[in-house]
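Here is what each chain is made of, one letter per residue.
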Amino acid sequence: MGLLSKKDTKLITDPLADNNPITIQVLGICSALAITAELKASIVMGIAVLFVLGVGNVVISLMRNIIPSKIRIIVQLIVVASLVIIVDQVLKAFAFELSKTLSVFIGLIITNCIIMGRFEAFALGNGPWKSFLDGIGNALGYAVILIIVGFFRELLGSGTLLGIPVLGDPIEQTGVYSIGYENNGFMLMPPMALIIVGLIIWVQRSRNKALIED
Amino acid sequence: MAINTEKNSYTILFAVAMVVVVGSLLAFTASSLRANIDENQRIEKQQNILYAMGVNGNEGTGDITFVSTAEVADAFATNVEEQLVLEFKDGKIINTLSREDFLKSKAEGAGKEPYLVDIKKEQAKAKSGKSRFLPLFKGTQNGETVYVAPIRGKGLWDAIWGYVALDKDMVVKGAFFDHAGETPGLGANIKQRYFMDDFYGEQLIDKSGTFKGIKVAKGNNDPKNEIKDDYEVDALAGATITGDGVSAMIKNDLKLYLPFFQSL
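Keeping their order, the protein sequence lines are chains A and B.
Here the first sequence stands for residues 1 to 214, where the numbers follow this note's numbering.
Here the second sequence stands for residues 1 to 264, where the numbers follow this note's numbering.
Don't take each hint at face value.
[What the hints assert, rightly or not] DSS-like cross-link-like pairs, simulated, lysine-lysine; straight-line CA separation at most 30 Å:
no., chain 1, residue 1, chain 2, residue 2
1, A, Lys-92, B, Lys-191
2, B, Lys-218, A, Lys-70
3, A, Lys-40, B, Lys-154
4, A, Lys-92, B, Lys-255
5, B, Lys-7, A, Lys-100
6, A, Lys-130, B, Lys-191
[What the hints assert, rightly or not] Partial pick of chain A residues on the chain B-facing surface, computed with a CB cut under 8 Å:
no., residue
7, Leu-83
8, Ile-85
9, Ile-86
For the record, the hints were derived by calculation from the structure and aren't laboratory data.
Where a beta carbon is used, it is the ideal one built from N, C-alpha and C, also for glycine.
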């Protein structure tokens, strides 16, 4: 890693596991529950957050010395909201199909606590390059959890992955459905996402005892 | 360079500057992209109407392929034989306008292509006691005349809308639904082929001519949707409110067209 120093590398790798935004910092839970019913939505949301958090962190970091601390939360909110709206408008004008897929995520990105959380906790106190890496790292950590949850929810809830049936046809009774297997409709409900996130947290903390709080 | 960012005067100045900068940036983006966005939305409306009519590029059983953006204008001109606008008030159709009449009309919401009629505004007009316009697009499917009607309602989070093709007996010959912000994997599935295709062949009126609508029903004993005269299609798991929204918009909006179909 010639480009990144050891410290910089840690900024990206830490949030993937030991300082994961969802399972350790417990940020961004709402969107992790809302849109993980299928794998494709999880991946799209991961990419969208990656973009917004990377750019937003840099913008906030560049402005960190001139933002009045009394209104910093409002300033952060304005930065992220206008970023998202501009991207949305550009996509609507030049990539209409893509913008239709993304439209549902716009609101979820603006209110995503990971974004505000990283602005507050990191970008306000660090330089642009470090903030960019921190943004990318946290967004990747977020995406990893979303994809894991989306994978299990779509597979067990609908019997498909990325919309492709992998377990057979439930109506025609082929594949595993012919031996009496049924899709678990409950997997499509948000509570099951919370339970899966809980299971991930359990597995992660039992493997690394240092993560267990008193 | 040390600025005292704690001072009240600085805070206010910063806030004002920020609002001006962000405001003009957003206004600039929105107005400079307006034309492109309107054009995209216009094309989308044509594609959706044609899709409901059965003019689309669908090949397999799962894909939704519209007429391509390059061909849509021609396809719309050839396949939509007639655009009608019904003026509706107090449960009656008081006027039927042709496309030419509608383009010339000076009435509120008129004076444009019938397919560009804003259903949301028309619904608001009806609510405030005024007459509303009901666009209808006539075409042919397998040698039979079909009429495509737009519908609009509320889902769980935001608006849902669609286009339904009906034959002269108000039997569904095609349906297209879309939404602004339903949950991916749940309510957003009203846009999936398997849901939209279920509507094909469903009836809206019973033998005596009473309007029944089509209910998106849970616990329906017909998951393959082979029974076409039960006024029901199978609901989507986990999307009760979106499904109810679909039932409601079919009931509320298509019912208005009943006098037209009875007069055929």
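Exercise for review: Please name the hints from earlier in the document that this structure breaks, with their numbers sorted from lowest to highest.
Suggested key: 2, 4, 5, 6 and 7
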